[in-house]
Amino acid sequence: MSETRFTRDHEWVRLEGGIATVGITDHAQNALGDVVFVDLPEVGREVSAGEAVAVVESVKAASDVYAPIAGRIVEVNAGLAENPGTINAAPTTDGWFFRIEPADAAEIAGLMDEAAYAAFVDSQA
Amino acid sequence: MADTSDSLLETPLAALHRALGGRMVPFAGYAMPVQYPAGIMAEHLHCRAAAALFDVSHMGQAEIVGEGAAAALERVTPADVQGLKPGRQRYGLLTTESGGILDDFMVANLGDRLFLVVNASRKHVDLPAIEAALPAGVTLRPLPDRALIALQGPQAVAAIATLAPGIAALSFMGVGAFEIAGVPALVSRSGYTGEDGVEVSVPAEKAEAFARALLALPGVQPAGLGARDSLRLEAGLCLYGNDIDETTSPVEAALTWTIGKRRRTEWNFPGAERVREELASGTKRLRVGIRPEGRQPARGHTPVHAPGGAAIGEITSGGFGPSLNGPMAMGYVAREHAADGTPLELMVRGKAIPARVAPMPFVPHRYAR
Numbered sequence: 001m002s003e004t005r006f007t008r009d010h011e012w013v014r015l016e017g018g019i020a021t022v023g024i025t026d027h028a029q030n031a032l033g034d035v036v037f038v039d040l041p042e043v044g045r046e047v048s049a050g051e052a053v054a055v056v057e058s059v060k061a062a063s064d065v066y067a068p069i070a071g072r073i074v075e076v077n078a079g080l081a082e083n084p085g086t087i088n089a090a091p092t093t094d095g096w097f098f099r100i101e102p103a104d105a106a107e108i109a110g111l112m113d114e115a116a117y118a119a120f121v122d123s124q125a
Numbered sequence: 001m002a003d004t005s006d007s008l009l010e011t012p013l014a015a016l017h018r019a020l021g022g023r024m025v026p027f028a029g030y031a032m033p034v035q036y037p038a039g040i041m042a043e044h045l046h047c048r049a050a051a052a053l054f055d056v057s058h059m060g061q062a063e064i065v066g067e068g069a070a071a072a073l074e075r076v077t078p079a080d081v082q083g084l085k086p087g088r089q090r091y092g093l094l095t096t097e098s099g100g101i102l103d104d105f106m107v108a109n110l111g112d113r114l115f116l117v118v119n120a121s122r123k124h125v126d127l128p129a130i131e132a133a134l135p136a137g138v139t140l141r142p143l144p145d146r147a148l149i150a151l152q153g154p155q156a157v158a159a160i161a162t163l164a165p166g167i168a169a170l171s172f173m174g175v176g177a178f179e180i181a182g183v184p185a186l187v188s189r190s191g192y193t194g195e196d197g198v199e200v201s202v203p204a205e206k207a208e209a210f211a212r213a214l215l216a217l218p219g220v221q222p223a224g225l226g227a228r229d230s231l232r233l234e235a236g237l238c239l240y241g242n243d244i245d246e247t248t249s250p251v252e253a254a255l256t257w258t259i260g261k262r263r264r265t266e267w268n269f270p271g272a273e274r275v276r277e278e279l280a281s282g283t284k285r286l287r288v289g290i291r292p293e294g295r296q297p298a299r300g301h302t303p304v305h306a307p308g309g310a311a312i313g314e315i316t317s318g319g320f321g322p323s324l325n326g327p328m329a330m331g332y333v334a335r336e337h338a339a340d341g342t343p344l345e346l347m348v349r350g351k352a353i354p355a356r357v358a359p360m361p362f363v364p365h366r367y368a369r
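Sequence lines, in order, name chains A and B. If you read the first sequence in UniProt numbering, its first letter stands for residue 1, the second for the next number, and so on. If you read the second sequence in UniProt numbering, its first letter stands for residue 1, the second for the next number, and so on.
Only chain A is shown next, with the shape it has when bound in the complex (with noise of 0.2 angstroms):
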């Protein structure tokens, strides 16, 4: 398996056969508490890095889940819509939102690794 990359927005990356598959973190699932909708983006569309996406709908509020990378988005996780609490549940593998073809694949290189992530999670602490 690939290494995992993380955005400052609490998405995470991972590439994987040429194409990086999306989620969001469990610190993000724990922080937005229990899911209830997601809005995922249609298949085909050109995303630029930084983009709002989806969005994911807990209980209290909407959140905005971003592309972290440039690219087309091929395929998005359509159980999701049935059972939304997978979010909550398995946030780095069931969980998934989305898979992007990168524009440029170097990109998520120049995300932050796992040591990365968790240091930034504690300064915002």
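In short, the hints are calculated from the structure, not lab data. Treat the numbers as computed from the prediction; the structure is a model and nothing was measured. Keep in mind that a hint or two might mislead.
To be verified - Residues of chain B placed beyond 10 angstroms of chain A at every Cβ, according to the derived structure:
#, residue
1, R18
2, A136
3, P142
4, R146
5, G174
6, F178
7, L239
8, N268
9, R274
10, R285
11, A306
As the list claims (entries may be wrong) - Derived, one-sided and incomplete: chain B residues facing chain A with beta-carbon distance under 8 angstroms:
#, residue
12, R262
13, P297
14, R349
What the hints assert, rightly or not - Far from chain A by the CB rule (all over 10 angstroms, computed), these chain B residues:
#, residue
15, L20
16, H44
17, A204
18, L215
19, A339
20, G341
All C-beta atoms, glycine included, are put in the ideal place defined by N, C-alpha and C.
Chain A is already provided as a structure; the job is to place chain B on it using the hints.
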């Protein structure tokens, strides 16, 4: 993000909230727990299934004493205060001269005085307004040294009655003084969740010990502001500042029932002219319940449109109902679109979500009658 926690007030239960793992957020100038580790969903469902303890000590408590206190309070509210019997509590509105809502509040007749509870965000407005209306000999006494704790849910009264059996004999909106776990307490059978339960005023210095005694009872778990909000919305209850404010009238807000029958012959409350005209001719807009189709919540300030047509209103509170297991909202729509079942469209992030006007409460009230 700027750290503003230094300037926030705390309730007498602040240390307990932190000990219980409460996630503290700013609310109406106070640091309050939005949730505990169980989470909003679990806290909400626990309240509907058993009993939940809420700290509502941020709310304003006060009493009015003196000959003619009830008549004096009627100078600032269309509620029937003079007709309120000893040992009874009533929900009412404070109104503005232009017929808006200054606040909503609870008033209890304690025999020798009136006891008031007003919103935290409005107490600095309400209390001076009430005081200014009082004649000589009638006095408003703010009670900043009292905490207020709500115990809500189908098991709430049975649980607290193990400490003070007389509480079980209170009927809905009944009020009485009890000693509970050694603490002198003023108890009303009321709440903000749609469930049976009590709201208990205790001296601030005894609040933590009192709350701990309640939390030790079987079935009682703490719940935060998040669950309080989803519970009250399922129950169709207004939140001041969201659903009612100085621009909304009691008639628009569908709170006409809070206006006493006698008051509707006297017309001697602030804003009576507007209320009288609206009762006679109807209002342009009305507060209604709204059920979005599907699972997607529509939050406050979401524009409401006629299907495929023009904007006809706005959502004032919206979210996801854990007991309803679906999204719910309330808001104001043009009167001709206010009938139950009327189709609407909610404009969420540029997309139209189909919805319908729906009766409230969304989850039936289960008050003790």
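Against the structure, the hints come out as follows:
The beta carbon of R18 of chain B sits about 14 angstroms from the closest Cβ of chain A, which is more than 10 angstroms, so the claim that it is off the interface holds. The claim that A136 of chain B lies off the interface holds: its Cβ sits roughly 48 angstroms from the closest Cβ of chain A, which is beyond the 10 angstroms cut-off. No Cβ of chain A comes within 10 angstroms of the Cβ of P142 of chain B; the nearest lies about 31 angstroms off, and the non-interface call holds. Every CB of chain A is more than 10 angstroms from the CB of R146 of chain B (nearest about 29 angstroms), matching its label as outside the interface.
Non-interface status of G174 of chain B relative to chain A is upheld: no Cβ of that chain comes within 10 angstroms, the nearest being about 32 angstroms off. Listed as a non-interface residue, F178 of chain B keeps its Cβ farther than 10 angstroms from every Cβ of chain A; the least gap is roughly 34 angstroms. Distance check for L239 of chain B against chain A: the nearest CB is about 14 angstroms away, which clears 10 angstroms, and the non-interface claim stands. Distance check for N268 of chain B against chain A: the nearest CB is about 42 angstroms away, which clears 10 angstroms, and the non-interface claim stands.
The Cβ of R274 of chain B lies farther than 10 angstroms from every Cβ of chain A, with a closest approach of about 35 angstroms, so its non-interface assignment holds. Look at R285 of chain B: its CB is around 25 angstroms from the nearest CB on chain A, clear of 10 angstroms, so calling it non-interface holds up. Listed as outside the interface, A306 of chain B is consistent with that label: its C-beta sits roughly 24 angstroms from the nearest C-beta of chain A, beyond the 10 angstroms cut-off. At about 42 angstroms, the closest approach between the beta carbon of R262 of chain B and any beta carbon in chain A exceeds 8 angstroms, and the interface hint on this residue is violated.
At a threshold of 8 angstroms, the smallest CB-CB gap from P297 of chain B to chain A is about 5 angstroms, leaving the interface hint in force. The criterion of a C-beta within 8 angstroms of any C-beta in chain A is met by R349 of chain B, whose closest approach is roughly 7 angstroms, and the hint holds. No Cβ of chain A approaches the Cβ of L20 of chain B within 10 angstroms, the least distance being about 16 angstroms, so the stated non-interface status holds. Residue placement check: H44 of chain B does not keep its beta carbon more than 10 angstroms from all beta carbons of chain A (closest about 7 angstroms).
For A204 of chain B, the non-interface assignment is confirmed: its Cβ lies about 28 angstroms from the closest Cβ of chain A, beyond the 10 angstroms cut-off. At roughly 22 angstroms from the closest C-beta of chain A, the C-beta of L215 of chain B stays outside 10 angstroms, upholding its exclusion from the interface. Non-interface status of A339 of chain B relative to chain A is upheld: no Cβ of that chain comes within 10 angstroms, the nearest being about 28 angstroms off. No beta-carbon of chain A comes within 10 angstroms of the beta-carbon of G341 of chain B; the shortest separation is about 24 angstroms.
Hints 12 and 16, counting from the list given before, are not met by this structure.
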